[in-house]
Structures are given as structure tokens and as C-alpha cells.
Amino acid sequence: MTEFFARLSAPRLAGRLPLAALSLTFAGLLSACATTAVPTNTPGAITDETRMMYAEVQDGDITIPAIEDKYLTEEKKRQVVDYWSDQKPGTIIVDPGARWLYQVQEGNKAMRYSVAVGAEGLAFSGNANIALKREWPHWTPTANMIRRDPETYGPVASGLPGGLENPLGARALYLYKGGRDTLYRIHGTPSPWTVGHATSSGCIRMFNQDSLYLYDTTPKGTKVIVLPASRSGEGTMAPGETLPLTSAAETAETAETGGNA
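All residue numbers for the sequence shown refer to the UniProt record's numbering, where the first residue is 1 and numbers rise by one.
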């Protein structure tokens, strides 16, 4: 397994933890897909409150690293925003096109999370429920992934145990519809640079710190609504107001280049 990690390591990450190398080079994993260009934050734009929100976290025997300032913005941080919905508090609404996840609250409010969205995150829309919740979940490549790239995924065909190197991150919520697994996941990620951006593959992922918060405030059975592209932005404007027109070019391009996961 050590040789496998070494083979996957990217030259520009030499000397860093295997976590970073694994996350960058597993381009087809559920959550380890970086964008072609990774926008970073401008210096001095992050408040101390935000840094504390995404500081290092001790989770049992595992220490979750702090999120670096260059991957944060005040807009991307977890925060309460205005949101108009007729869904009951606690309902999760995922807007893949806008790369936001909303946790409905009372009084036309919602807790908003920044997420990364891959092709698999665009493949499902509609209603589902959280049937399973996992802390530091085990990850196993699909048969399609192994068939597509046996050299990369064959050595880990039996899966990867939960931990900092696992593409599902610290927590995962599993969406089921009609008692069947949708294969749609909302989870953390060891690749914070992808959060807030479109990627070529993967479901819906967020900063590990945010995945802890969402996990703790989301009971099993919670309703989840995944909006189609035609409804992107829904809930962000008061009734009677008109949503601004948005381009779906990036979404379409991402979907075309995505792989199976």
C-alpha cells in the first residue's frame, strides 16, 4: 500500500502528507478531483471568527487540519442567510448549479454551506432521505472505476479505511429514495481547495469542519431535495422577486467531462 501511495504522489506535493498526494491524484474518486485552476483568497480578507470556525479539530484519535486562508472567503464560510422555502426546518436543499447546500431554518432563514460539485453531483435531482450516517466512512471504488483504470484502483479494490486520506472525509450522509441507495453522498473532503468549485467527478462535498456540523445537526430520515439546473437559485429571493439569469455553461462542461464514481 505504501508503494501505491508513492506511485500516486504528484511531484509538486513532494514532502507533504500522503493525504494531499492521494487527494490530488485520485482524479476519479468520489471527492478527490481538483479543478484545473484553484482560485485562492486575497490576503487579509478572512476574519478571526472564520479562522476559528475552520481551525484544527480533534475528532477522537484523528486531528483534522485547519483550512488554510487561501481556500476560504467570507462568502464560503458556513453562515445563516435569507432563504424562502415551504419545507420544514431541518430539510436539506442542495443547489448543485450554484454550489450551495441549505439547511432550512425557521423565519425564512437557512444555514448555508459551500460545496464542491462533480458530475455525479449533477446526475441526481429530486427528493430523497438520509438513510445512513457514517463517521470517517470506509470508501470502496466502484466496479466501473476499477474497470476504467485498473492500475490506479485495482490496488485499493477492497477499499480505503476511514481517515484523513479517505476521499469521503470526516463524515458522510447517504441518500436513499424509496428504500434504495441513490449512490448520492454528501460528505467531507481531504481536498479543501475544491470546495466552492465545479470538478470533473464526485458527489457533494464540503470542508471537513462543515461536514461535522451538518452531521451533528442532521438526524437520520431527514428529507433532502436536490434541485435540477432549471431551479438553481430557488429560495434565495423573496416571493415575487425575480431570480437573475445565470449561465449553465460551467455546469454543462463539468457534466460532459465527468467520470463514473
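Hints listed in this document are in silico derivations from the structure and should not be mistaken for laboratory results.
Misleading hints may appear alongside valid ones.
The calculated lysine to aspartate or glutamate pairs, modelled on EDC-like cross-linking and capped at a C-alpha distance of 16 Å, are [claimed, not checked]: (1) 220 to 181; (2) 133 to 48; (3) 133 to 181; (4) 220 to 69; (5) 109 to 86; (6) 70 to 106; (7) 223 to 82; (8) 88 to 106; (9) 220 to 82; (10) 109 to 135; (11) 223 to 181.
Hints, verified against the model:
no.	hint	verdict
1	220 to 181	14 Å, holds
2	133 to 48	31 Å, violated
3	133 to 181	13 Å, holds
4	220 to 69	33 Å, violated
5	109 to 86	11 Å, holds
6	70 to 106	33 Å, violated
7	223 to 82	20 Å, violated
8	88 to 106	8 Å, holds
9	220 to 82	25 Å, violated
10	109 to 135	28 Å, violated
11	223 to 181	14 Å, holds
When the structure is compared with the earlier hints, violations turn up for hints 2, 4, 6, 7, 9 and 10 and for no others.
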